[in-house]
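Asks: Keeping the supplied structure of chain L fixed, place chain F upon it in accordance with the hints.
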Amino acid sequence: MIGYISRRVLATIPVMLIVAALVFSLLYFTPGDPAAIIAGDQASAEDLARIRTALGLDRPFLTRFGEWLWNVLHGDLGTSIFTNLPVSRLIGERLEPTISLMILTLVLSLMVAVPMGVIAAWKQGSLLDRAIMGFAVMGFSVPVFVVGYLLAYIFALQLEWLPVQGYTPLAQGFWPFLQHLILSSIALGTAYVALIARVTRATMLEVLSQDYVRTAKAKGLGQRAVLFVHALKNAAVPIVTVVGIGVAVLMGGAVVTESVFAIPGLGRLIVDAILRRDYPVIQGVVLLFSLTYVVVNLVVDLLYTVLDPRIRY
Amino acid sequence: MSVVTQTDPLSQTTAAPPLPDILPPPKQRGRIMRFYVGHPAIAIGGLLIGIMVLIAVCAPLLGTVDPTALAPAKRTRPPSALYWFGTDMLGRDVYSRVIYGTRVSIVVGGAVALLASAIGMLIGLISGFTRWLDPIIMRIMDGMMSIPSVLLAIALVAFTRGSIQNVIIAITLAEVPRVARLVRGVVLSLRDQPYVEAAVTAGSRTPMIIWRHIMPNTLAPMTVQATYICASAMITEAILSFIGAGTPTTTPSWGNIMAEGRALWQVKPYIVFFPAVFLSITVLAVNLLGDGLRDALDPRLAKRL
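As they're listed, the protein sequences go chains L and F.
The C-terminal position of the first sequence is numbered 313 in our numbering, with every residue numbered one higher than the one before it.
The C-terminal position of the second sequence is numbered 305 in our numbering, with every residue numbered one higher than the one before it.
Excised from the complex, chain L in its bound form (with noise of 0.2 Å):
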């Protein structure tokens, strides 16, 4: 088991490499000279030079990319260009909006998708398992930005139930932190859980299916306890993967929540970076994510041998 763990840690280490290659190369991939483009129209040779050095366009690539990297092991993500403040300070700032929305998002999705998917399937090709797919198309078609207007036009706008915008920390009280972010939560999580709840509902068709949901039917378990004790949980290895890789959607999707919902977050700053061609700021927000969610899928991995204990590697 630990000699699974480390192996499966170890693993992660070369494709976290190739993702920081990719991040740092990206700015290479554009045509022309990036020094130009981030300084804009009407910038001077000396401003041209000026971001030339600090982004050491004037040195050779592997030099810069071992220098870049030996930083970002030591917490150094760079300076922005814009404020000259450290990139991982800025960071720092606006991780806790961001990973309250994640988090928050994640638990209410689960909570709606699982037992959506679970009821479809219970009730396969019923006027309730119709609806429950229907929604799922649908939630997966609406953008989530779409969904976060109607949803703070019809409770926010017309019922006045909940603030429009804005964010309010977790440490100046429980309630005024929810208010300001389930909004937000709910519009970031539609696809997600259309996601989930497809997949789970495929998942149990199959496994419903099996001679022993049969047997505990036989047997006279009720209907909740072959549901929820002897299918879900032998439906649960494919869930889990796909609320791992539901995370990416998530987390493209925080981006443009955080701009509709006004939530100062690490999607904010990516905006206003672009705007401004923050360059090292984009990259340490994209880095910071994309590892995130290699480290997401690890744990997703590691977390199959606890579901399924047939898995061993």
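Don't read these hints as lab results, they were simulated from the structure.
According to the in silico footprint, chain F covers these stretches of chain L (three or more CB under 8 Å from chain F):
id, stretch
1, 15 to 21
2, 131 to 140
3, 269 to 275
4, 279 to 286
For each residue, glycine too, the CB sits at the ideal point set by N, CA and C.
Replies: Only chain F this time, still in chain L's reference frame:
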């Protein structure tokens, strides 16, 4: 794979004698109708996409005015008989902008689906057939897939001057790894099939094997994948334009119309509402088509998802 019939090299040389024509001519129209009735998702999705393409092509004929014409005196008019979807804060006609915006979404969705399929197919084939390159290519694809695709596209467009072309390139790059993995998977599963081994033994060259035996088998899953890529490309384009990193504001797109309406959405929600509805319906149509195609082309997959 039910849709593709295998042609083995031997049947090429000894053509079967034509069958006597004793069957009644198939009622073509009836069969097509029955297909659509049996697959309502394809019918509805296809119809809606057809309408959207028509809107995109015929934009100048649909009672639109110049979507970029400024009229500061007629700012933020609510929807009326004259301005069907109202006007924005620069007095531009929102209806015309939304109608012309259809073009951007259709072009981006279509172009990304085609480009990502073609490039991904190429990479997947190379990877599947070149054993020493395979681990290298696949690790790079894994790395690219570890960067959430919206963020990858954002990072790529952030460094180009905003243009539809650059948006297409950025989204394509973000979508390629998924196609490459799919195609590679098909190649690996087919490479050891008896009929492929037979073709190898019979002396077929690799390009011929790919063209005759591998490519036809990727067609069904690729078509389904391409529709999903099209849908996700449309959403990503809208996201990029919405956060100000996509289609330049001189070209109306659903994303940038919403971006410009954002400042006023609490008082003038219609500026955001109409492009949102168009975008949602179009993406829904493409997803419906994808689901329908998946069910029709691969019944085994349909059962699983």
